[in-house]
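Chains A and B supply the protein sequences, listed in that same order. In terms of numbering that gives the first Met the number 0, the first sequence is numbered consecutively and its last residue is 97. In terms of numbering that gives the first Met the number 0, the second sequence is numbered consecutively and its last residue is 475.
A couple of the hints might just be wrong.
[To be verified] Derived CB-CB ranges, DEER-like: (1) B:9 x A:92: 47 to 57 Å; (2) B:236 x A:92: 37 to 47 Å; (3) A:92 x B:101: 36 to 46 Å; (4) A:53 x B:9: 49 to 59 Å.
[What the hints assert, rightly or not] Covered stretches of chain A (in silico footprint by chain B; criterion: 3 or more residues with CB under 8 Å from a CB of chain B, positions within the stretch not fixed): (5) 5-11; (6) 24-37; (7) 81-89.
Just so you know, these hints were derived from the structure itself, not from any lab. Fair warning: this is a prediction, and the values are worked out from it, not measured in the lab. Built from N, CA and C at the ideal position, the CB exists for glycine as well.
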Amino acid sequence: MTEIKSKEYLRHLAHQCMFDCSDDELDEIQEEFMILEKQMELLNQVDTEGVEPMVYPFEMETTFLRMDEVVNVLSEEEALANAAKTKNGHILVPKVVR
Amino acid sequence: MEYDVVIGIEIHCELNTNSKMFSSSPTTFGKLANSCVNEIDLAHPGTLPCVNKGAVEQAIKACTALHLEIDPVVKFDRKNYYYSDLPKGFQITQQFFPIGKEGHIEIETSLGKKKIRINRIHMEEDTAKQFHLTEGTLIDFNRAGTPLIEIVSEPDMTNGEEAAAYVEALRQTLYYLGVSDVKMEEGSMRCDVNISLMPKGSTVYGVKNEIKNLNSISNVQKAIDYEIERQAKILDEGGIIEQATRRFDEATKSTILMRLKEGNVDYKFFPEPNIVPIRLEDAWIKSIQANLPELPEQRRARYQRDYQLSAYDINVFLANKELAEIYEEVMKTCKNAKLACNWMITDVLAWLGKNNVQIPDLKMKPEDLATMVNMIENGDISGKQAKEVFEDVMLGKNPNQIVEEKGLKQVSDTSMLESLINEVLDEQPQSIEDYRNGKDRAVGFLVGQVMKKSKGQANPAMTNKMIVEELNKRIK
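Construct all of the structure, not just a fragment, from the sequences and the given hints.
Dropping the structure here:
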């Protein structure tokens, strides 16, 4: 596995998620990752032999289904408010196919 | 070399619901871009999915009609991939526990009837629609979150005709159920075909290719026919088939390579932690199942029983549900099922095409068409007159009124016909002579004369019969 602690890898990850970090920020993230990694090591010491993985905090079923009704719709302006670029009411992103 | 062809089909079908699979924003087609979305569809932080009861109901209907076993506990999973049509970074689907498994549908081809097994039906959400331009990609999130079912067949089909019949049978069933619009050209029903070849008699499947972008049933058949030929040619020349995704190109009627599959993509499926398992109440499932609309095969049986129509006529009606529904209205007051059927599937359809009118916009009242057919049946109007009446009936006019206004009523009154016939015979002694000499043509001429005198209103069949009787009397 790629060295998580390497700054280059973190920079690459950030770039893939479409943002860039300053060196200071990368130092901070790197430090946090090291702490996290140590915590994971701690968790790894727990013996999980024969224990089923669980997905929900409470393994309880529900019977609730939402009624098929239109309740909440955003206006077009609200829907596009977070978009960096728009065109003709669409969100414009760099070309995703060649 | 001869090959066995193995075909499996995956169909995505948008469900007829008011709201989306996991959000309360509207499902629509052709609305202003990004006008039918909310925070859940756009994956704003902190939003949570909430399962649509209407979508589950539609999925239960589809499973029931296609004989699948329904899992009463609904669970969802995440399919992780990173692409701009998917704002969450994952699609919520049912990977591990589909709502339905192990069903089938019967198809009919030139080789007879065949059962195609269905492996599973699962619910999921649709993605955003993208438009790829030179300066970038435009995204419309209206479609994002639209409820879908995916129907996965077993690899039971062996040629293009069977595959087309399978898609058509599914399309009809889902349409009759009201589960989906099933418009392939608009993308509310989408079809991916997996196809591979293996040497005849082999039990080891060949390498498969997936064909996408099949926007009509005839293209399903064309694409498969082309692909079989393409793969056979490569194998005949000693080449190997590479696993790939291809698309059908309408212009060249061929399949074009989109991308090679380098191993299986790892979607890192795991259970969706934001939706806890939902147990469907047994009584609710049963009430949906007990109230299914009539399915195509049930309608076929009913038309055979009630109207005694031919298989061909029934197929025309099954393929055109709206037309069939008008026919049923017509048959409430019409006496002759076959005659009414002929008017529906030839004249009405031709009229719609010629005048570019859609059935919902039709002004014709079914009871008026029924009246018209009854008039023909009773001999009140001739077939030729009916054509004239029909044109006005299609515009919403009442046939009694049309007949009245145009003076089309056919004369079937024997005493009136008798006097006309005698008048004509008295004027045409030569024709009587011709008839005596065995010239049957004379009868036709005389009928024509009577028609002329009656201004086209004489009942031709009756006139013919009575002229022959009168002639036989006179030549004795």
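*Given the range 36 to 46 Å, decide if the beta-carbon distance of residue 92 of chain A to residue 101 of chain B lies inside it.*
holds, 41 Å
*With respect to the beta-carbon atoms only, verify the hint that residue 53 of chain A and residue 9 of chain B lie 49 to 59 Å apart.*
About 32 Å separates the Cβ atoms of residue 53 of chain A and residue 9 of chain B, which means 49 to 59 Å is violated.
*Coverage of the segment 24-37 of chain A by chain B, judged on three or more residues with CB within 8 Å*: violated (count 0)
*Range hint 47 to 57 Å: satisfied by the CB atoms of residue 9 of chain B and residue 92 of chain A?*
Given a distance of about 28 Å, which is not inside 47 to 57 Å, the answer is violated.
_Coverage criterion applied to the segment 81-89 of chain A (partner chain B; beta-carbon cut 8 Å; 3 residues)_ = holds (count 6)
*Could you tell me whether the CB distance from residue 236 of chain B to residue 92 of chain A stays inside 37 to 47 Å?*
This hint holds: roughly 43 Å between Cβ atoms.
*Stated coverage of the segment 5-11 of chain A by chain B [criterion: 3+ residues, CB within 8 Å]*: With 0 residues closer than 8 Å to chain B, the segment 5-11 of chain A misses the three-residue bar; violated.
Hint compliance for this structure: hints 1, 4, 5, 6 are broken, all remaining hints hold.
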